[in-house]
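In case you want the letters, here they are:
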Amino acid sequence: MALHFNLMDIIVLVIITLALILDFYRFLKGPLASDRVMAADTMTVSSAAMLVFLGLLFDRYIYLDIALIYAVLGFVGVIVVARYLEGGV
Amino acid sequence: MVQILTYLGYFLVLLGAIFLFLGGLGIVRLPDIYSRLQAGTKASTLGAMSLILGVGILALRQPGHWNWFIKAIVIIIFIALSNPISSHALARGSYRHKIKPWTKEDIDAYKDYIEHEGIEKESEEIKNE
Amino acid sequence: MNTILTILIVVGAIILVGAAIFAVVKRDLILATVATSVISLILSIFYFILQAPDVALTEAAIGVALTTIIFIVTIRNTKRFEDD
Numbered sequence: 014m015a016l017h018f019n020l021m022d023i024i025v026l027v028i029i030t031l032a033l034i035l036d037f038y039r040f041l042k043g044p045l046a047s048d049r050v051m052a053a054d055t056m057t058v059s060s061a062a063m064l065v066f067l068g069l070l071f072d073r074y075i076y077l078d079i080a081l082i083y084a085v086l087g088f089v090g091v092i093v094v095a096r097y098l099e100g101g102v
Numbered sequence: 115m116v117q118i119l120t121y122l123g124y125f126l127v128l129l130g131a132i133f134l135f136l137g138g139l140g141i142v143r144l145p146d147i148y149s150r151l152q153a154g155t156k157a158s159t160l161g162a163m164s165l166i167l168g169v170g171i172l173a174l175r176q177p178g179h180w181n182w183f184i185k186a187i188v189i190i191i192f193i194a195l196s197n198p199i200s201s202h203a204l205a206r207g208s209y210r211h212k213i214k215p216w217t218k219e220d221i222d223a224y225k226d227y228i229e230h231e232g233i234e235k236e237s238e239e240i241k242n243e
Numbered sequence: 177m178n179t180i181l182t183i184l185i186v187v188g189a190i191i192l193v194g195a196a197i198f199a200v201v202k203r204d205l206i207l208a209t210v211a212t213s214v215i216s217l218i219l220s221i222f223y224f225i226l227q228a229p230d231v232a233l234t235e236a237a238i239g240v241a242l243t244t245i246i247f248i249v250t251i252r253n254t255k256r257f258e259d260d
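Protein chains in written order, with this note's numbering: chain U, 14 to 102; chain B, 115 to 243; chain H, 177 to 260.
Take these hints with a grain of salt, some might be off.
Pairs of lysine-lysine residues, derived as DSS-like cross-links and limited to a Cα-Cα distance of at most 27 Å, are as follows [unchecked claim]:
{"id": "1", "chain 1": "B", "residue 1": "K225", "chain 2": "B", "residue 2": "K214"}
{"id": "2", "chain 1": "B", "residue 1": "K156", "chain 2": "B", "residue 2": "K212"}
{"id": "3", "chain 1": "U", "residue 1": "K42", "chain 2": "B", "residue 2": "K156"}
{"id": "4", "chain 1": "B", "residue 1": "K225", "chain 2": "B", "residue 2": "K212"}
{"id": "5", "chain 1": "B", "residue 1": "K218", "chain 2": "U", "residue 2": "K42"}
{"id": "6", "chain 1": "H", "residue 1": "K202", "chain 2": "U", "residue 2": "K42"}
{"id": "7", "chain 1": "B", "residue 1": "K214", "chain 2": "U", "residue 2": "K42"}
{"id": "8", "chain 1": "B", "residue 1": "K214", "chain 2": "H", "residue 2": "K202"}
{"id": "9", "chain 1": "B", "residue 1": "K212", "chain 2": "H", "residue 2": "K255"}
{"id": "10", "chain 1": "B", "residue 1": "K156", "chain 2": "B", "residue 2": "K218"}
{"id": "11", "chain 1": "H", "residue 1": "K255", "chain 2": "B", "residue 2": "K156"}
{"id": "12", "chain 1": "B", "residue 1": "K156", "chain 2": "B", "residue 2": "K225"}
{"id": "13", "chain 1": "B", "residue 1": "K212", "chain 2": "U", "residue 2": "K42"}
{"id": "14", "chain 1": "H", "residue 1": "K255", "chain 2": "H", "residue 2": "K202"}
One-sided and incomplete, this derived list gives chain U residues near chain B with beta-carbon spacing under 8 Å [as the list claims (entries may be wrong)]:
{"id": "15", "residue": "I23"}
{"id": "16", "residue": "D36"}
{"id": "17", "residue": "V85"}
Calculated from the structure, these hints are not laboratory results. Here a beta-carbon is modelled for each residue, glycine too, at the ideal position from N, C-alpha and C.
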């Protein structure tokens with residue numbers, strides 16, 4: 014597969030990868046359960062944005078559907094965990 | 115025209131990536147769960163929306179790619195609807211789980227609001243806990 | 177394969193193994209469920225980069241919503257911390 018990325022694409026991908034590493038650091042370290050759930054949610058949103066950008070680079074229209082799935086369903090797990098912490102599912 | 119779209123799209127994409135990175139930095143550096151929620155959810159929402167809008171504008175350079183732009187707008191709408199809901203639910207769950215905010219003074223504005231507004235059901239629930 | 181995609185896959189693999197070890201070591205089952213969600217997210221990115229969008233779509237839809245709901249409801253009906 015012959016992909017030609019220019020400099021700007023590489024810079025954007027590196028910045029988003031650094032953001033994912035910082036989120037995962039808080040996921041490993043955070044003292045409470047809420048910290049870790051919040052870090053996982055932030056990783057989901059960052060990954061959805063990165064998947065949209067990679068879909069532009071690969072030039073395939075169907076790749077946007079995966080980011081759409083994450084945008085629609087990404088909050089369900091967080092709401093279930095928050096309801097558990099609040100006292101009743 | 116293609117050059118204008120390229121500059122505008124890459125500006126939005128770079129802005130969104132920088133906001134995502136700042137959200138991660140705020141998650142690592144801030145002291146307690148509520149301020150981390152504020153950094154990690156607001157900055158990430160704005161960054162993801164800006165980046166996806168930039169991708170939709172960049173896809174318009176090729177002829178006949180209007181469907182990319184429309185689907186990008188749909189993804190932006192769903193992120194703007196769903197991400198603040200999860201942030202709100204998590205902050206409320208943390209408060210009900212009795213996690214104290216990181217403050218110098220002993221201030222609990224939400225409890226004062228509940229008692230002042232007379233939302234009796236919620237205040238009874240909190241007192242019973 | 178491109179260089180930046182290789183770097184992305186290596187970083188994702190490190191995150192994947194870290195989350196898996198985290199899910200095994202911790203005693204809290206809620207945290208293990210959230211770690212499973214992170215593992216599913218990274219696996220979906222891998223399928224995406226390796227040009228299999230249908231598998232990535234299924235992994236995203238199942239891993240981010242369905243598994244979390246079923247596990248949390250099950251933990252709610254039993255107990256949160258596992259004992260030795």
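Now the hints, each set against the structure:
With a C-alpha separation of about 12 Å, the suggested pair B:K225 and B:K214 falls inside the 27 Å cut-off, and the hint holds. The suggested pairing of B:K156 with B:K212 holds, with an alpha-carbon distance near 23 Å, which does not exceed 27 Å. A distance of roughly 21 Å separates the Cα atoms of U:K42 and B:K156; the hinted pair therefore holds under the 27 Å criterion. Of the supplied pair hints, the one linking B:K225 and B:K212 holds, its CA atoms being roughly 12 Å apart against a limit of 27 Å.
For the hint linking B:K218 to U:K42, the alpha-carbon distance of about 24 Å falls within 27 Å, and the restraint holds. Using a Cα cut-off of 27 Å, the hinted pair H:K202 and U:K42 holds, with the two alpha carbons roughly 12 Å apart. Among the hinted pairs, B:K214 with U:K42 is consistent with the structure: their alpha-carbon atoms are about 19 Å apart, no more than 27 Å. Between B:K214 and H:K202, the direct Cα distance comes to roughly 24 Å. Compliance with the 27 Å bound is thereby established for this hinted pair.
Between the alpha carbons of B:K212 and H:K255 the distance comes to roughly 20 Å, so the proposed pair stays at or under 27 Å and holds. Restraint check for B:K156 and B:K218: the C-alpha separation of about 24 Å stays at or below 27 Å, so the hint holds. Taken as a hint, the H:K255 and B:K156 pair is broken in the structure, with Cα atoms around 33 Å apart against an allowance of 27 Å. A threshold of 27 Å between alpha carbons decides the hint, and for B:K156 with B:K225 the separation of about 24 Å falls inside it, so the pair holds.
Between B:K212 and U:K42, the direct Cα distance comes to roughly 21 Å. Compliance with the 27 Å bound is thereby established for this hinted pair. For the suggested pair H:K255 and H:K202, the alpha carbons sit about 15 Å apart, so the restraint of at most 27 Å is met. With its C-beta approaching chain B no nearer than about 11 Å, U:I23 sits outside the 8 Å limit, and its interface hint is violated. The interface hint given for U:D36 is met, as the beta carbon of that residue sits about 5 Å from the closest beta carbon of chain B, less than 8 Å.
A least Cβ separation of about 5 Å between U:V85 and chain B falls short of the 8 Å threshold, and the interface hint therefore holds.
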